[in-house]
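A.B. asks: We have chain A; now place chain B with the ligands onto it with these hints.
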Amino acid sequence: MIELREVTKVYKGQTVPAVDRLSLKIPEGETCVFVGPSGCGKSTTLRMINRMIEPTSGTILINNKDIRESDPDRLRMGIGYVIQQIGLLPHRTVAENIAIVPRLYGWPKEKIRKRVDELLELIGLDPETTRDKYPSQLSGGQMQRVGVARAMAVDPPIMLMDEPFGAVDPIARNYLQDEFLRLQREMRKTICFVTHDINEAIKMGDRIAIFNKGRLVQYGTPHEILTRPANEFVSDFIGYDRVVKKLGLYRVADLAGPAGCVAREGELPEIGRLMREKESDVAFLVDAHGRPCGFLTTEDIGGMGDEISPQSLMQKALGRRGAFAQREMVLRDALSLMLEYDTEYLGVLNGGDLAGVITLSAIRKHSCRKEGE
Amino acid sequence: MNWMRFQDALFHRAPAALAVHILMVLISVVVAVVISVPLGVVLTRPRFRRYGFIVLNVLNMMQTIPGLAIVALAMPLLGLGLKPTIVALVVQGLLPIARNTIAGLYGVNADVKEAALGMGMPAKKILYEVELPLAMPIILAGIRTSAVYVVSVGTLAAYIGGGGLGDLILTGLNMFWSEFLIVGAGLGAVLAIALDRALAYLEYRITPPGMSSE
Ligand SMILES: Nc1ncnc2c1ncn2[C@@H]1O[C@H](COP(=O)(O)OP(=O)(O)O)[C@@H](O)[C@H]1O
Ligand SMILES: [Mg+2]
Numbered sequence: 001m002i003e004l005r006e007v008t009k010v011y012k013g014q015t016v017p018a019v020d021r022l023s024l025k026i027p028e029g030e031t032c033v034f035v036g037p038s039g040c041g042k043s044t045t046l047r048m049i050n051r052m053i054e055p056t057s058g059t060i061l062i063n064n065k066d067i068r069e070s071d072p073d074r075l076r077m078g079i080g081y082v083i084q085q086i087g088l089l090p091h092r093t094v095a096e097n098i099a100i101v102p103r104l105y106g107w108p109k110e111k112i113r114k115r116v117d118e119l120l121e122l123i124g125l126d127p128e129t130t131r132d133k134y135p136s137q138l139s140g141g142q143m144q145r146v147g148v149a150r151a152m153a154v155d156p157p158i159m160l161m162d163e164p165f166g167a168v169d170p171i172a173r174n175y176l177q178d179e180f181l182r183l184q185r186e187m188r189k190t191i192c193f194v195t196h197d198i199n200e201a202i203k204m205g206d207r208i209a210i211f212n213k214g215r216l217v218q219y220g221t222p223h224e225i226l227t228r229p230a231n232e233f234v235s236d237f238i239g240y241d242r243v244v245k246k247l248g249l250y251r252v253a254d255l256a257g258p259a260g261c262v263a264r265e266g267e268l269p270e271i272g273r274l275m276r277e278k279e280s281d282v283a284f285l286v287d288a289h290g291r292p293c294g295f296l297t298t299e300d301i302g303g304m305g306d307e308i309s310p311q312s313l314m315q316k317a318l319g320r321r322g323a324f325a326q327r328e329m330v331l332r333d334a335l336s337l338m339l340e341y342d343t344e345y346l347g348v349l350n351g352g353d354l355a356g357v358i359t360l361s362a363i364r365k366h367s368c369r370k371e372g373e
Numbered sequence: 001m002n003w004m005r006f007q008d009a010l011f012h013r014a015p016a017a018l019a020v021h022i023l024m025v026l027i028s029v030v031v032a033v034v035i036s037v038p039l040g041v042v043l044t045r046p047r048f049r050r051y052g053f054i055v056l057n058v059l060n061m062m063q064t065i066p067g068l069a070i071v072a073l074a075m076p077l078l079g080l081g082l083k084p085t086i087v088a089l090v091v092q093g094l095l096p097i098a099r100n101t102i103a104g105l106y107g108v109n110a111d112v113k114e115a116a117l118g119m120g121m122p123a124k125k126i127l128y129e130v131e132l133p134l135a136m137p138i139i140l141a142g143i144r145t146s147a148v149y150v151v152s153v154g155t156l157a158a159y160i161g162g163g164g165l166g167d168l169i170l171t172g173l174n175m176f177w178s179e180f181l182i183v184g185a186g187l188g189a190v191l192a193i194a195l196d197r198a199l200a201y202l203e204y205r206i207t208p209p210g211m212s213s214e
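Chains A and B, in that order, give the protein sequences. 1 is the number of the first residue of the first sequence in our numbering; add one for each residue after it. 1 is the number of the first residue of the second sequence in our numbering; add one for each residue after it.
Next up, chain A with everything else stripped away, as it sits in the complex (with noise of 0.2 Å):
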């Protein structure tokens, strides 16, 4: 557990704090995400607590011990620390810059190499072809990767990260964001995350502090920001589409009902009797190997349903073969693809496999919902 107890820092030469009177306290295994616009004091908080730069005043303890009463040197060996700028060390090779920390506890040749290769295989790199490199035969994802593991090589149960993901490209952050968190889930580290993004804020943190001026204007979970900001600041900075980024936090997993009807193409002329035997509004078409294809509504079979030649009725289905989502999907995206299809509902898949429908009215439901109901 971090705790930071009324810590001001007041750069020298300077009367207004970077820092001012902070409280905070992070839970051991959580991520809390310090978010808010540039020079908030993120990254001066963050290197408080490493002891890169001192408070002015205040205390921080790390597992209720004063970090004071550690040597900084030793402090920092047990906390990874992860920058924007990265800093491998150009003169050394990828598996030499991830042995960094182990050689200065000392490790034995042997277990340094091993975990090296470990490392790499868990950030998704090839140890045969990546240890012998130099930094800058990477690319910039790549690099970034490699400060991760580097971070991690000791197993520290403390990772403060400076806007880690700040300086990759869109497709390459996304995917680091979303690696970072399947090791998260695994590791369980306390670890502290700079960003000044309020979308990477609500997907990686389990908690968020929003800093503005140097103050912390509000501390929460996710859910908590997104559905009461504290005041004027917090609104504006989360911005219109706060809806929307809730939507962010949740799975089609989470409101998915049960698929109802499913029907083959023969069973098509008698679809309106079979939905109203199953009181289903929808029904999905599979094919000869129970694959889904596609969907009708009641909409679709005007009610009656005989009237309307099975071709058509088929044609109708396989118009919306896209409009499939994965049960991990998150609720944005489902919404985004319900307005692309332009229907009310979207199959769930759980692979290849129909495992349910989700609705429009539940991810309305869903958004209006007020915290703990």
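Hints are not guaranteed to be accurate.
Facing chain B, a subset of chain A residues (Cβ under 7 Å, in silico) [said to hold, decoys possible]:
no. : residue
1   : Asp-73
2   : Pro-90
3   : Val-101
4   : Leu-104
5   : Tyr-134
6   : Ser-136
These aren't lab readings, by the way, just hints derived from the structure by calculation. Cβ coordinates follow ideal geometry from the N, Cα and C atoms, glycine included.
C.D. replies: Then chain B with the ligands, alone, in the frame of chain A:
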């Protein structure tokens, strides 16, 4: 041109003079390195950083004093011979090395230092394993400049009895023997070029892998 005199200069006088010159230059450059590199290191540490500017200015001023003046000044203070010569040459050789050491250390990417510090590398380790290796090509370039410079100023040493190639030049000037002038000045030039090339090769070899701009 007197062929006999040329041979005399080249085969009888030059070997000893060249040996003394090389010795003089090597000792001076080594001493200059031993003084300026640590000086440059100290002046880039946070505690002494603010003195760096002053020291560089003083060294810059010393550099503008002509070589001959320093050699001349060394005589009344230290007498005649090789010792005062070397002192004068060391003074002349300090600046380029100190300046490049400071520039090289300042030039080390701040993010690399920040990351090293953030990982818990002790300051000393950062200096030896990060800063100095990365600054080394620039420090070596300073040593190169200094060596070439000291070779040429070294020819003035003959005025205060320091010996070296300057002896040949001085004799040539006094006796109007152009053969001695040619041999003395020519060997000086060859020595300067050879040293420069040798250090350039070292610089190339020592540039950390992954840093060369291929
Ligand atoms: N080393 C420093 N010396 C003086 N002022 C600084 C220093 N570092 C940061 N600041 C100032 O402190 C404030 C907070 O900076 P910082 O913590 O880097 O903000 P953020 O990371 O949120 O962008 C800024 O106004 C910045 O100019
Ligand atoms: Mg910052």
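A.B. asks: For this structure, which hints from the list above don't hold up?
C.D. replies: Failing hints: none at all.
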